[in-house]
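For this one, chain A is given, so just place chains B and C on it according to the hints.
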Amino acid sequence: MQISFERIRQMVIKEFIQVLRDKRMKAIVFVVPVLQTLVFGFAVTTDVSSIPTAVMDLDRSYESRELVRRFTASGYFLIKALPGSPAEVQEVLDRSEVTVVLQINRGFSSDLKRGIRTAVQVIADGTESNTATVALDYTTRIIQKYSLDIAGQSARTSARIDVRQRAWYNPELKSKNYNVPGVIAMVIMLTSLLLTSMAVVREREIGTMEQLMVTPLRPLELILGKTIPFALIGFFDMVLITALGVLIFSIPINGPLWLLPLSTAIYLLSVLGIGLFISTIAMTQQQALMASFLFYMPAILLSGFMFPIENMPILFQYLTYANPLRYFLVIIRGIFLKGNGFNILWPQLSALLILGAVVITLSSIRFRKRLS
Amino acid sequence: MDQGSRDQTQDNIAVRVDGLVRTFGDFIAVDHINLNVRAGEIFGFLGPNGAGKSTTIKMLCGLLMPTSGNGNVGGYDIITQSEEIKQNIGYMSQRFSLYDDLTVEENINFFSGIYSVPDNRKQARKEWVLNMAGLREDRSTPTRTLPGGFKQRLALGCAILHEPRILFLDEPTSGVDPISRRNFWDMISDMARSGTTVFVTTHYMDEADYCDRLALIYRGKIIADGTPAELRKDFMTRDVLEIEAEPLMTALDVLEKQGIEAAIFGSLLHAIVENASQAIPLIRSTLTGSNIVVHRVDKIVASLEDVFVTLIETS
Amino acid sequence: MKLLRIKAIAKKEIIQVRRDPLSLAMAFIMPVLLLVLFGYAITLDVNNLTTIVYDADRSSISRELIAELTSSGYFTIVRNAEREKEIDDYLDAGTARVAVSIPSDFSRVIRTEGVAQLQIIVDGSDSNTATIALGYLAALTEIANQRLAGARSALLIEPRVRVWYNPELKSRNFIIPGLIAVIMMVIAALLTSLTFAREWERGTMEQLIATPVQPSELVLGKLIPYFLIGFTDMVITVLMAVFLFEVPLKGNVFILGVVSSVFLFGALGLGIVISIVAKSQLVASQIAMVATFLPAFLLSGFMFAISNMPLPLQLFSRLIPARYFVSVLKGIFLKGNPIRLLVVDAIFLLIFAVIVVAVANKKLNKYIE
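One line per chain: the protein sequences are A, B and C, in this order.
Residue 355 in the working numbering is what sits at position 355 of the first sequence, and the numbering runs on without skipping anything.
Residue 1154 in the working numbering is what sits at position 154 of the second sequence, and the numbering runs on without skipping anything.
Residue 2028 in the working numbering is what sits at position 28 of the third sequence, and the numbering runs on without skipping anything.
In isolation and in its complexed conformation, chain A is listed as follows (with noise of 0.2 Å):
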């Protein structure tokens, strides 16, 4: 049972070369993560901002305009359109132009400054319903605010609390600080597990596995070969994605350096554990890419990446207790955001480990007997 590291640095070589000889396969190791770390670090923000509103302003006094000026200056509405009637107001709603509609009736100014209780209507387009959500937030809590500039010193005679808010490790509360370093998670694997997986089985699609097996070569050393260039890979597009984020998005890194290339190389065993297992059930490359994706879509979702397990049905959340994806995500939002170290990330690095070496020990005898 001698492993011979020759025969595994050669297949190590010649994985590298068919899978980097196609120009474009280069290039996309290259594009892929940086693709997913821009958009991810500029589209997918659930910050509200410019929300598109419309203003029917039909009392046109100074309080009824001072009033939509608190909104375009709050900065989290964007004025899109004045319609005229409810017949151009339901038309901008029906187009999808606007989130919010603002309608200000006659009168308005006239019952304020008789200290009479007024009215403004608030329309939100619930398909958005995320925005929507904030959107009222806003709203009501603007129109409070002017209620009570416009009732004068008298609310502030009695007691009141004041809030004092902070946000810890992410103090402007940017997206792109939750969503960046998750990205380096989702990245590998996409990209590793879908080549593992591929890799192995186009040598069985084209025929070349059979040549391989006649060869001296040991199952071991042909999984190593298999999967040592695709972590490899991994590696690669990890250094990539945190030089991405350091450089044009300002991540911080807050924790200690050393523990994201560990992390990473645990989380790694899961992922290229996976992707051999598919390669044992996958006879075309068709089947590993459905396959690969039909893991990839939960283990995303159901990681804590873009939504919070806490807010999942009980079933569900149990569910995430086996995903690397879950306790990978806290280790690296918590070194990059939160300064976490090994102190407090040893659970789950250790559950992180236990499963890696659950999945690919699991996968290594699976794809030996499947060898055989």
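Incorrect hints may appear among the rest.
[Unchecked claim] Residues on chain A that point at chain C, a partial pick, calculated with CB under 7 Å:
(1) Phe42
(2) Ile150
(3) Gly341
[As the list claims (entries may be wrong)] Computed list of lysine-lysine pairs in DSBU-like fashion (alpha-carbon distance at most 35 Å, straight line):
(4) Lys1233(B) with Lys1257(B)
(5) Lys14(A) with Lys1221(B)
(6) Lys26(A) with Lys80(A)
(7) Lys2170(C) with Lys2250(C)
(8) Lys23(A) with Lys2363(C)
(9) Lys26(A) with Lys2362(C)
(10) Lys2363(C) with Lys1122(B)
(11) Lys2002(C) with Lys1122(B)
(12) Lys2366(C) with Lys14(A)
(13) Lys2279(C) with Lys1122(B)
(14) Lys2170(C) with Lys1126(B)
(15) Lys2170(C) with Lys369(A)
[Stated by the list, open to error] Just so you have them, the derived chain C footprint on chain B, three or more residues with Cβ under 8 Å:
(16) 1062-1072
(17) 1079-1086
(18) 1100-1112
Simulated from the structure, these hints should not be mistaken for lab results.
Keep in mind it's a predicted model, so treat the numbers as computed, not measured.
Backbone N, C-alpha and C fix where the C-beta goes; we use that ideal spot for every residue, glycine too.
Showing chains B and C alone in chain A's frame:
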């Protein structure tokens, strides 16, 4: 029949190639070759791997653009009329290129449709191919499970469903057992006899004798062409000796130092000499004099392989 | 263009698809899986915020405040801290996402009509949750303040809120219609992006291009079976959306079918272009992921509002067919929009489909290099 092809058959030339060149970057795969293939003949294009055979045949079938030069297949220009060529030829690619996940019958049906075999001929042609390939009982077998020889015949059948006048076969006998190879060539002869022109590439020298005419290609250039008899005649003036001696390599060295043309053929040496009766004793003594054990030195009939090897050595 | 040849290609492709039941099964499982994930598991609603409370005051007023926190349903108190330092530990470890710290003089200040300080710390790393948490807390504080101020502070301006199309603001209704676009894009990409590349790798492509078959016949012939699968997926998805997840379908089903078909054609066509250009299945799969799935998922407005994105990305999203389809889907499902309002988006989809199929034809030349 349009003007172009009528002219061709008046000359009786089915495939004409003029100064054809194909380069891949710096590498010259096909280096100014000229060919004339007569209608109804079996034309063999022989050469070792990498000599340029596949590249040439692909240019003739309209699959690759020549770098320079021109050619005519069935009267159609290979550069400007590749689509017309494809409608009038049959092509069998090197990898047989059948759909492994389809059954025998499904493959036939597919190529029938692709070649637009008329409805009233479809069934007849299908039965003909099944018969020819010996697969009448196996029409529902997945192609994947067929042995090599049957796949080869099926691929041939699929290439001629539409009864083309010209057939291009790229290494059709690669990796197939010798008996199947023989049968295959029998089929090709039958086809040629009924008027089909067959253009075949192969690296098996012993298949040369099945062809009406040959061209030998080496490193992109044609180094000889003619009928098998003509090619052998060129060397009739000289004799071929077969030498069994040990150690082989030393014997080769010794002979070459004496200025005798010799080459290794398997575990034997072939030497080309002006006169066998004079050369045989000379060679015996030279070799024995160098402490080489000589088992036999005989005159043999020159094979095309001998011809070819000699040509290569001298070029 | 010969119908006979198209039929031959389509028939062959159908046979091959049928002989790969694993892929076929996965093609039908995919939409179901995605719907279940997005319909049941994923929610953008934020509640169950883990909170640590440090009450240095321990008065009835402070306890009342904390009680309001819990009864709102948004906050789950995981720890009543005994020392302020615990806040650091809990937030660092992620055991709590929100910390509320009530100073020891809180009730005293309130009773003397002063302005009391309430300290709130949120874990900002998940900025979305943090923002929403802060919003909830601000609202709760306002309510508390109004109670303190008594009847005098009844608001002069009352916002009357109506929510259209999705009155209960169910995030499911928001997500699922757009999800159909993502599902179809993914299926199209996964099924077609490998088809030509596979033939190149196996050598059958070389055989094909030596025959009279035309590029347009190859493209159309291959589109047909995958179109059937994609359309079936769409029907499954719509049925599940309407009957399982009770997403309203206010508009015209027939129009939905027509526009979906146009989109499907474009999506399949895109997959085919990738397949033709890539020539290797490995390369094709990577390109497909980036060119089809990611834009549909991130930049189509399906989940992340386009208006929130920086301008360059907003402009870029105009090139993504999924964007127009998502708009149509939301319009048909939730708004019951008539053709008049859908026609512009539908035309964009048509243009895309035509362009893509034309590109496929052009790129598929019958030469090896």
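Tested hints:
no.: 1; hint: Phe42; result: holds (5 Å)
no.: 2; hint: Ile150; result: holds (6 Å)
no.: 3; hint: Gly341; result: violated (10 Å)
no.: 4; hint: Lys1233(B) with Lys1257(B); result: holds (27 Å)
no.: 5; hint: Lys14(A) with Lys1221(B); result: holds (33 Å)
no.: 6; hint: Lys26(A) with Lys80(A); result: violated (44 Å)
no.: 7; hint: Lys2170(C) with Lys2250(C); result: holds (16 Å)
no.: 8; hint: Lys23(A) with Lys2363(C); result: holds (18 Å)
no.: 9; hint: Lys26(A) with Lys2362(C); result: holds (25 Å)
no.: 10; hint: Lys2363(C) with Lys1122(B); result: holds (32 Å)
no.: 11; hint: Lys2002(C) with Lys1122(B); result: holds (17 Å)
no.: 12; hint: Lys2366(C) with Lys14(A); result: holds (31 Å)
no.: 13; hint: Lys2279(C) with Lys1122(B); result: holds (33 Å)
no.: 14; hint: Lys2170(C) with Lys1126(B); result: violated (61 Å)
no.: 15; hint: Lys2170(C) with Lys369(A); result: violated (49 Å)
no.: 16; hint: 1062-1072; result: holds (count 4)
no.: 17; hint: 1079-1086; result: holds (count 3)
no.: 18; hint: 1100-1112; result: holds (count 8)
When each numbered hint is compared with the structure, violations occur for hints 3, 6, 14 and 15.
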